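Protein chains in written order, with my numbering: chain A, 2 to 425; chain B, 131 to 358.
Wrong hints could be hidden among the right ones.
[Stated by the list, open to error] Over 12 Å on every C-beta distance to chain A, these chain B residues come out as not near it, computed from the model:
id, residue
1, E136
2, V150
3, E151
4, K154
5, A155
6, P171
7, S177
8, H225
9, E234
10, D268
11, A269
12, T273
13, M274
14, D332
15, R346
16, V349
[Unchecked claim] Partner residues are not named here, just some residues of chain A that face chain B (Cβ under 10 Å, in silico):
id, residue
17, E332
18, G334
19, V419
What the hints contain is simulated information worked out from the structure, not anything from laboratory work.
The structure presented is a predicted model; accordingly, all values stated were derived computationally and were not measured.
We treat Cβ as the ideally placed atom computed from N, Cα and C, and that holds for glycine.
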Amino acid sequence: MTTELPPPLPPDAANPHPVTASSHLGIRDLLAESITALTARPARTLLTALGTVLGVAALVATLGLAKTAGNQIVGRFDELAATKVSVRPESGGFGSSDRQVSVIPWDAGDRLQRLNGVVSAGTKSDVDVGGDLARAVPVIDPLGQTAFQIPVLAVSSGTFGALRTTLDTGRIFDDGHDDRADNVVVLGTNAAQRLGVSRVDNSPAIFIGDQAFAVLGIISDTAREPDMLSAIILPNQTARTLYALTAPAEVHVEVDVGAAELIGTQAAIALAPNNPDRLRVSVPPSPRGVQNQVEDDVNALFLLLGGISLLVGAIGIANVTLVSVLERTGEIGLRRALGATPMQIARQFLTESASLGALSGLIGTSLGVLTTVIISATRDWTPVLDPWLPLVAPVIGAVIGLLAGVYPSVKAARMEPVQALRSF
Amino acid sequence: MTPVVELQGVTRTFDSTPPVEALKATNLVINQGDYISIVGPSGSGKSTMLNVLGLLDSPTEGTYLLDGTDISRLGERQSAGLRATKIGFVFQSFHLLSHRTATENVMLAELYSGRDRGGRKRRAVEALEKVSLGHRLDAYPPTMSGGERQRVAIARALAASPSLLLADEPTGNLDTVTSEAILQLFDDLHHAGLTIAVITHDLEVSQRAERVINIRDGVVTETTPVRS
Numbered sequence: 002m003t004t005e006l007p008p009p010l011p012p013d014a015a016n017p018h019p020v021t022a023s024s025h026l027g028i029r030d031l032l033a034e035s036i037t038a039l040t041a042r043p044a045r046t047l048l049t050a051l052g053t054v055l056g057v058a059a060l061v062a063t064l065g066l067a068k069t070a071g072n073q074i075v076g077r078f079d080e081l082a083a084t085k086v087s088v089r090p091e092s093g094g095f096g097s098s099d100r101q102v103s104v105i106p107w108d109a110g111d112r113l114q115r116l117n118g119v120v121s122a123g124t125k126s127d128v129d130v131g132g133d134l135a136r137a138v139p140v141i142d143p144l145g146q147t148a149f150q151i152p153v154l155a156v157s158s159g160t161f162g163a164l165r166t167t168l169d170t171g172r173i174f175d176d177g178h179d180d181r182a183d184n185v186v187v188l189g190t191n192a193a194q195r196l197g198v199s200r201v202d203n204s205p206a207i208f209i210g211d212q213a214f215a216v217l218g219i220i221s222d223t224a225r226e227p228d229m230l231s232a233i234i235l236p237n238q239t240a241r242t243l244y245a246l247t248a249p250a251e252v253h254v255e256v257d258v259g260a261a262e263l264i265g266t267q268a269a270i271a272l273a274p275n276n277p278d279r280l281r282v283s284v285p286p287s288p289r290g291v292q293n294q295v296e297d298d299v300n301a302l303f304l305l306l307g308g309i310s311l312l313v314g315a316i317g318i319a320n321v322t323l324v325s326v327l328e329r330t331g332e333i334g335l336r337r338a339l340g341a342t343p344m345q346i347a348r349q350f351l352t353e354s355a356s357l358g359a360l361s362g363l364i365g366t367s368l369g370v371l372t373t374v375i376i377s378a379t380r381d382w383t384p385v386l387d388p389w390l391p392l393v394a395p396v397i398g399a400v401i402g403l404l405a406g407v408y409p410s411v412k413a414a415r416m417e418p419v420q421a422l423r424s425f
Numbered sequence: 131m132t133p134v135v136e137l138q139g140v141t142r143t144f145d146s147t148p149p150v151e152a153l154k155a156t157n158l159v160i161n162q163g164d165y166i167s168i169v170g171p172s173g174s175g176k177s178t179m180l181n182v183l184g185l186l187d188s189p190t191e192g193t194y195l196l197d198g199t200d201i202s203r204l205g206e207r208q209s210a211g212l213r214a215t216k217i218g219f220v221f222q223s224f225h226l227l228s229h230r231t232a233t234e235n236v237m238l239a240e241l242y243s244g245r246d247r248g249g250r251k252r253r254a255v256e257a258l259e260k261v262s263l264g265h266r267l268d269a270y271p272p273t274m275s276g277g278e279r280q281r282v283a284i285a286r287a288l289a290a291s292p293s294l295l296l297a298d299e300p301t302g303n304l305d306t307v308t309s310e311a312i313l314q315l316f317d318d319l320h321h322a323g324l325t326i327a328v329i330t331h332d333l334e335v336s337q338r339a340e341r342v343i344n345i346r347d348g349v350v351t352e353t354t355p356v357r358s
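With the hints as constraints, model all of the structure from the sequences given.
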């Protein structure tokens, strides 16, 4: 065999390096070496990644589904309860009962109506009619019962809206009736039935005791305070004039969805600026609280599962990296001979396991997001995901890979190059 | 002219009970362009000599000057850097990475040298052409013959333009015909001016060198072979 050779190799002239050149491995070379090593055996790389992939996927899917389910529950959260605010005088405080009731002003409805977020507001009080019976006809029929003990309520005109009553026939009274203390009533459907009033177009009258009232309308349903349906309902001023009602007993407010908490803090001040702490405001439980509760419940369980998967994944990466270090003994020896320091060997294996971890994290995140979307789709839910989750999850994978690679890398760095070179 | 290698009273003792002196007060000079072989039976100290010469191990006593640089004063990174730039290794079992092409394997030679990435591929191709493998640039080692693989390994050793080519049983895994071709390549490289040290227990191989160094129980003696 003949070999064509270039001119002699004068070592010093051809070598541009100073005698004390240090070993050096650039970051690009380091990454390229690690990626090449990982792609050399794609099947093994993917199998190694599996544990971490599943761990990260479980983590992402758990957090995603918890968020989605929490959001769903809030969506289904009883809108009726969420828009209801009521105010009563603080009970059990000092002083007598008449001092307590005096806290709520007569114009409570108007005051609250002006707050942003209030749909409708009004007062509601029981009226003591002194045992008077109610009847629809002026004459007492000795043969049948025509007079009944029917509860009487005094409300302001806004109360009907605040309680979401449904009008069956006629109309409700307005502020004018209230201001003039007109003798008008609205009947609950049960009360109307007992009194035998079924229509109002002929202006029927009823009597409480000897006092006559014109029936304006009949309400057939109410979303809140069902005692409205079996009562005779008077305007506030009428009750004050005829039955000496001293102060409203309670205030009912219908608010916009989401405004309950805000109105809850404002209502007491609006009603009793001088002593708002004498009023007790009832607001529905915060939707956010409910949501967090659900997320916490779901998360605690599944995050544990995700964590265990990650641990198993880390052990998998550590195991395979260790096997790979032992398999590549010759390569490690060669690299040392080619000028690698133990540190550079360790760094290469660390970079490999960290890249593998990051890759696993990336695949796992995709699977987790996909799972969340698919499960949401089958349930007709709206998938909700924290935006930081898909960004952080691959980093978690990389950190796991890095940790898993520490022991194998140290082992690789400590290998004696000559023994490694002669190993096969 | 500065010798490539100068060993002055180099001793390598291994801490064991009792301590083993694998190399005893060795003096050796390898001048530029020398072609030497280091022979000896197993356990004679050949491997220790290879390690010390190749900067994979450092002497416990004595001085080792490589191209005039006292390596005992160098830190780990600097001696690794010298290994990358001054010494080309050729091994009995080739040590090629099977998932990389011949060119990529040769390119590994510069990985730790600090040389720029730019001309790396070109220099690798040139080195492969030097060993007559210009037609196998993209071949993977498993598809190559033993002789071809060893020539890739030699190309890798040459790619860094080393001061010293250090070969450890370079023909140990090859048949007679292929061995002869590799030894011919060594002869050609020697005639082109390369400094070569071959460590072997094969007399056929050692006889090709100009100088033969015998090691027995850590003691070095030099013989000059009878040239035919």
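Comparing the hints with the structure gives:
1. E136: holds, 14 Å
2. V150: holds, 15 Å
3. E151: Holds, since 18 Å exceeds 12 Å.
4. K154: The claim stands: K154(B) keeps its Cβ more than 12 Å from every Cβ of chain A (closest is about 19 Å).
5. A155: Per Cβ check, A155(B) is outside 12 Å of chain A; nearest 22 Å; holds.
6. P171: Consistent with the label, P171(B) stays out of reach of chain A, its closest Cβ about 16 Å off (over 12 Å).
7. S177: Violated, since 6 Å does not exceed 12 Å.
8. H225: violated, 4 Å
9. E234: violated, 8 Å
10. D268: holds, 15 Å
11. A269: A269(B) clear of chain A: closest Cβ-Cβ about 16 Å, beyond 12 Å.
12. T273: Fine: 16 Å to the nearest Cβ keeps T273(B) off the interface.
13. M274: Holds, because the least Cβ-Cβ distance between M274(B) and chain A comes to about 16 Å, which exceeds 12 Å.
14. D332: It holds; D332(B) is separated from chain A by about 16 Å at its closest Cβ, greater than 12 Å.
15. R346: holds, 20 Å
16. V349: holds, 21 Å
17. E332: OK, holds: E332(A) within 10 Å of chain B, min 6 Å.
18. G334: holds, 7 Å
19. V419: Result: holds, 5 Å to nearest chain B Cβ.
In summary, the structure is inconsistent with hints 7, 8 and 9 from the numbered list given earlier, while agreeing with the others.
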